[in-house]
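Visitor: Below are the chains, spelled out letter by letter.
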Amino acid sequence: MEYILSHPFEILKMTGEHLLLVGVSTAIATLVGIPLGVFLTRRPAWSRWVLGAANVIQTIPSLALFGFLIPLPLLGGIGARTAVVALILYALLPIIRNTHAGIASVDPAIREAGVGMGMTDWQLLTRVDLPLALGIIMTGLRLATVISVGVATIAAAIGAGGLGMYIFRGVSMVDDQLILAGALPAALLALAADFLLGLLGRAVTRKPLLCMKLLAAGALAALAAGGAFLLASGGEAREARPIVIGSKNFTEQSILGELLAQRLERAGFKVDRRLYLGGTLICHNALVAGQIDAYVEYTGTAYTAILKRTPVSDARRVYDDLQKSYLEGFGVRLTRPLGFNNTFAIMVRGGDARRLGVKTISDAVAHARRWRAAFGVEFLEREDGYRGLAAAYGLDFAEPPKVMDLGLTYRALADGKVDLIAGDATNGLVSALDLFILEDDLGYFPPYEAVPFVRADALAGHAGLQEAIDSLGGVVSDETMQRLNYAVDGERRDLREVVGEFLDGLGR
Amino acid sequence: MGKGDFAVELEDVGFVLGNGKRLLDGVSLRLPAGETLVLIGRSGSGKTTLLKSINALLRPTSGAIRVLGRDLADWDPIRLRRQVGYVIQETGLFPHFTVEANVGLVPRLLGWDEGRIRARVQELLRLVGLDPDLFGARRPGQLSGGQRQRVGVARALAADPPLLLMDEPFGALDPVTRAELQEEFRLLRDRLRKSIVFVTHDIREALALGDRIGLMSGGRLLRVSAAGDFFQTDEPEVAAYRKVFA
Ligand SMILES: Nc1ncnc2c1ncn2[C@@H]1O[C@H](COP(=O)(O)OP(=O)(O)OP(=O)(O)O)[C@@H](O)[C@H]1O
Ligand SMILES: [Mg+2]
Chain A
1 MEYILSHPFE ILKMTGEHLL LVGVSTAIAT LVGIPLGVFL TRRPAWSRWV
51 LGAANVIQTI PSLALFGFLI PLPLLGGIGA RTAVVALILY ALLPIIRNTH
101 AGIASVDPAI REAGVGMGMT DWQLLTRVDL PLALGIIMTG LRLATVISVG
151 VATIAAAIGA GGLGMYIFRG VSMVDDQLIL AGALPAALLA LAADFLLGLL
201 GRAVTRKPLL CMKLLAAGAL AALAAGGAFL LASGGEAREA RPIVIGSKNF
251 TEQSILGELL AQRLERAGFK VDRRLYLGGT LICHNALVAG QIDAYVEYTG
301 TAYTAILKRT PVSDARRVYD DLQKSYLEGF GVRLTRPLGF NNTFAIMVRG
351 GDARRLGVKT ISDAVAHARR WRAAFGVEFL EREDGYRGLA AAYGLDFAEP
401 PKVMDLGLTY RALADGKVDL IAGDATNGLV SALDLFILED DLGYFPPYEA
451 VPFVRADALA GHAGLQEAID SLGGVVSDET MQRLNYAVDG ERRDLREVVG
501 EFLDGLGR
Chain B
1001 MGKGDFAVEL EDVGFVLGNG KRLLDGVSLR LPAGETLVLI GRSGSGKTTL
1051 LKSINALLRP TSGAIRVLGR DLADWDPIRL RRQVGYVIQE TGLFPHFTVE
1101 ANVGLVPRLL GWDEGRIRAR VQELLRLVGL DPDLFGARRP GQLSGGQRQR
1151 VGVARALAAD PPLLLMDEPF GALDPVTRAE LQEEFRLLRD RLRKSIVFVT
1201 HDIREALALG DRIGLMSGGR LLRVSAAGDF FQTDEPEVAA YRKVFA
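Just so you know, the protein sequences line up as chains A and B, in that order. Quick note on this note's numbering: the first sequence kicks off at 1 and runs consecutively. Quick note on this note's numbering: the second sequence kicks off at 1001 and runs consecutively.
It is possible that some hints are incorrect.
Said to hold, decoys possible - Straight line, CA to CA, 25 Å or less: simulated SDA-like cross-link-like pairs of lysine to any residue: (1) B:Lys1021 to B:Ile1065; (2) A:Lys417 to A:Glu381; (3) A:Lys207 to B:Lys1021; (4) A:Lys207 to B:Gly1141; (5) A:Lys207 to B:Gln1122; (6) A:Lys308 to A:Thr280; (7) A:Lys213 to B:Leu1110; (8) A:Lys270 to A:Arg336; (9) A:Lys207 to B:Gly1136; (10) B:Lys1021 to A:Glu112; (11) A:Lys207 to B:Pro1132; (12) A:Lys207 to B:Leu1109; (13) A:Lys213 to B:Phe1094; (14) A:Lys213 to B:Leu1143; (15) A:Lys207 to B:Pro1140; (16) A:Lys213 to B:Trp1112; (17) A:Lys213 to B:Asp1113; (18) A:Lys207 to B:Ile1065; (19) A:Lys213 to B:Gly1115; (20) A:Lys402 to A:Asp434; (21) A:Lys207 to B:Phe1094; (22) A:Lys359 to A:Ser477; (23) A:Lys402 to A:Ile437; (24) A:Lys359 to A:Asp419; (25) A:Lys402 to A:Gly461; (26) A:Lys207 to B:Gly1069; (27) A:Lys207 to B:Leu1143; (28) A:Lys213 to B:Pro1140; (29) A:Lys13 to A:Ile147; (30) A:Lys359 to A:Gly385.
Calculated directly from the structure, the hints in this document are not laboratory data. All figures in this text were calculated on a predicted structure; none of them were measured in a lab.
Please work from the sequences and hints to get the whole structure.
Guide: Okay, here's the thing in structure tokens:
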């Protein structure tokens, strides 16, 4: 609540963006979906295919749909337009289906009476079919709107703004206040939309013709307002050609994105930030499609998730392979690694490490029989996670490792509830809680070096860009990254400030 | 149309469904302009099917139909239907329209101006015995079955069509009201000189209202006779009606 109360205008602006996304997409979906639904009642042979397709679209997870859309010309890209396209696709099914079902449910005797009185097909549609189906159509519209309010929070993942920005930031920083600042207005919006359309739906039975006109007018108005706004905002972004920096949707990534952005700004470039994009696939697609010019990726992630290779532990080989494949396949160059390696890290309490003199995982094997361990579910499940590790080092614990939320394992270790965890090497809590990272002396874990991935054409087109980015090579050690993460996540400090101070300290 | 013209002519009309079922079979008839033909016959004998064929709601699979002097194939079905008043069995009123809007439908489709439509609607509601001030603004759901049927009749008459197709228009009325409406119908018919095809189950109604009576059975028109001669035959189906009549 505090955050909401202290940032009323910002939240209002985000809510406005959100409303615009939902309004425009629902309006277009209505203007497309109702005629399409009507068409299907006139061409029943098509209905299986169209409804089937709409059904399939509905089942595509929204992040995946965004991922598909980004590389598309015209429709795709990063920003509000793609979000609107995706929202339209989701809103279409309930609208088409309910229009179709609503008209199909009109008593055939009533329709025949209309025909028998000499109505044309158009008159039958506007005076009999639609008015009698309007109640069901309105239910579809309500459903579509409420779905859109929800899905639009995910639109922040592709840089479309809206209330989802708070949710993404809040989730990455484990900040309930921020999550609430996004979720609460979104929930209120959904309720309000549901309520208003519900009112309209009830009025429908009494004044169907009036409601139809209201509906059409409302949809057209939302469309005009939204279209004007989107065009205006789109045109603005296209004028200058800034360098577009992306990042994935967790704290470390937003810091790295901000780091690239500020470094380039200090070098005199104009920068456009698209932080908190919805994950590896979306960043990658955006980069390949030229929607962003650069983001920081981890070599291990690119190697396994994008190139689909089996993980190897030789950092040099991974980097060289990536450099070659990315340049040939995507027109993307890897610049100098930033310095840290965000790999899985086996950790124990600092006190234990000093007392027992353990420095490496091999050192820990002898003590492990008396220890309890806790791991996140992913580490436990993955082939290259716990099972492989245990086999490589001959590791064995007093009892089978506990499954725990990854974020909670750090504190469980610090509090002595468990004695060994597999965490994130750069998590800010490592130094804050005095945890000790055991060296992977057998080289079991593949490297996850952080490297700026930059479009080759951007490097070629902007003199000095390569030098500016390369100047960040090696400046972020594991400890530095931990500290920066902790400043933002743990101390709740402002991202720009933290990054700015860091660059000041480097003298760059 | 002068004297001797026919409002409706059917020549050997047949209607066979895809599954081979015959809904109409070799039906031929002529309805002279200004006359009332009553169709009588058991449930399922094809009476409604015949009316729908005349109104181009159904397209028979064989034979020829002429309506108001023109071959059905030459009619724009929409124009035809606006010149044929159709009282639908079970009334078929639009549930989302008021009584006024239901009655004024065809004039509105024909583009009459609103003042003329309103006057016409009031006139017709009074004609069928409904107070326009009391009933005009109601929805069909707020009427009794008999009241709905009267609205259905008023709707069919609204645009003053030369030909009326009436499918059991008085079916749901109590005997007293029914007799009253039959009486009004007769006056109306004589005054307006409409050509009418009137469907009923009720032999008394047929004898009271028809100039001629056609008897349908199993999709065939067994016999058409002057109303007075209806019983003058050995036809077993007629004998069945004689029995109910006695
Ligand atoms: N669309 C249709 N498909 C198949 N059979 C139909 C269809 N419409 C009517 N029938 C059949 O055609 C036959 C004649 O029906 P029709 O409605 O003309 O009878 P009717 O004489 O009007 O009966 P009633 O007095 O009960 O109204 C019936 O056996 C009916 O089941
Ligand atoms: Mg019938």
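Visitor: Now look at each hint and say whether the structure bears it out.
Guide: Against the structure, the hints:
1. For the hint linking Lys1021 (chain B) to Ile1065 (chain B), the alpha-carbon distance of about 21 Å falls within 25 Å, and the restraint holds.
2. Straight-line distance between C-alpha atoms of Lys417 (chain A) and Glu381 (chain A) comes to about 22 Å, which keeps the hinted pair within the 25 Å bound.
3. Of the supplied pair hints, the one linking Lys207 (chain A) and Lys1021 (chain B) is violated, its CA atoms being roughly 44 Å apart against a limit of 25 Å.
4. Pair hint Lys207 (chain A) plus Gly1141 (chain B) holds up; C-alpha atoms about 15 Å apart against a cutoff of 25 Å.
5. For the hint linking Lys207 (chain A) to Gln1122 (chain B), the alpha-carbon distance of about 22 Å falls within 25 Å, and the restraint holds.
6. Using a Cα cut-off of 25 Å, the hinted pair Lys308 (chain A) and Thr280 (chain A) holds, with the two alpha carbons roughly 13 Å apart.
7. Distance check on the hinted pair: Lys213 (chain A) and Leu1110 (chain B) sit about 22 Å apart at the alpha-carbon level, within 25 Å; holds.
8. For the given pair, Lys270 (chain A) sits about 22 Å from Arg336 (chain A) by alpha-carbon distance, which is consistent with the 25 Å threshold.
9. For the hint linking Lys207 (chain A) to Gly1136 (chain B), the alpha-carbon distance of about 16 Å falls within 25 Å, and the restraint holds.
10. Only pairs whose Cα atoms come within 25 Å are accepted, and Lys1021 (chain B) paired with Glu112 (chain A) is accepted, the gap being roughly 22 Å.
11. Pair hint Lys207 (chain A) plus Pro1132 (chain B) holds up; C-alpha atoms about 21 Å apart against a cutoff of 25 Å.
12. Proposed proximity of Lys207 (chain A) and Leu1109 (chain B) is supported: the alpha carbons are some 20 Å apart, at most 25 Å.
13. Annotation: proposed proximity of Lys213 (chain A) to Phe1094 (chain B) holds, straight-line Cα distance about 20 Å (limit 25 Å).
14. The suggested pairing of Lys213 (chain A) with Leu1143 (chain B) is violated, with an alpha-carbon distance near 28 Å, which exceeds 25 Å.
15. Using a Cα cut-off of 25 Å, the hinted pair Lys207 (chain A) and Pro1140 (chain B) holds, with the two alpha carbons roughly 15 Å apart.
16. Distance hint between Lys213 (chain A) and Trp1112 (chain B) is fulfilled; the C-alpha atoms sit about 23 Å from each other, no more than 25 Å.
17. Distance restraint check for Lys213 (chain A) and Asp1113 (chain B): the Cα-Cα separation of roughly 22 Å lies within the 25 Å cut-off, and the hinted pair is therefore satisfied.
18. A hinted pair counts as satisfied when its Cα atoms are at most 25 Å apart, and Lys207 (chain A) with Ile1065 (chain B) does not qualify at roughly 41 Å.
19. As the CA atoms of Lys213 (chain A) and Gly1115 (chain B) are separated by approximately 24 Å, the hinted pair is consistent with the 25 Å bound.
20. Only pairs whose Cα atoms come within 25 Å are accepted, and Lys402 (chain A) paired with Asp434 (chain A) is accepted, the gap being roughly 22 Å.
21. With a CA separation close to 14 Å, the supplied pair Lys207 (chain A) and Phe1094 (chain B) stays within the 25 Å bound.
22. Only pairs whose Cα atoms come within 25 Å are accepted, and Lys359 (chain A) paired with Ser477 (chain A) is accepted, the gap being roughly 19 Å.
23. Among the hinted pairs, Lys402 (chain A) with Ile437 (chain A) is consistent with the structure: their alpha-carbon atoms are about 19 Å apart, no more than 25 Å.
24. Note on Lys359 (chain A) and Asp419 (chain A): the hinted pairing holds, with a Cα-Cα distance of about 15 Å set against a maximum of 25 Å.
25. A C-alpha spacing of about 52 Å is found between Lys402 (chain A) and Gly461 (chain A), which places the hinted pair above 25 Å, so the restraint is violated.
26. This hinted pair does not check out: Lys207 (chain A) and Gly1069 (chain B) have alpha carbons roughly 42 Å apart, beyond 25 Å.
27. Of the pairs offered as hints, the one joining Lys207 (chain A) and Leu1143 (chain B) holds, with about 19 Å between alpha carbons and a cut-off of 25 Å not exceeded.
28. Between Lys213 (chain A) and Pro1140 (chain B) the CA atoms are separated by roughly 24 Å; this keeps the pair inside 25 Å, and the hint holds.
29. Restraint check for Lys13 (chain A) and Ile147 (chain A): the C-alpha separation of about 21 Å stays at or below 25 Å, so the hint holds.
30. This hinted pair checks out: Lys359 (chain A) and Gly385 (chain A) have alpha carbons roughly 20 Å apart, not beyond 25 Å.
Consistency note: the structure conflicts with the earlier hints numbered 3, 14, 18, 25, 26.
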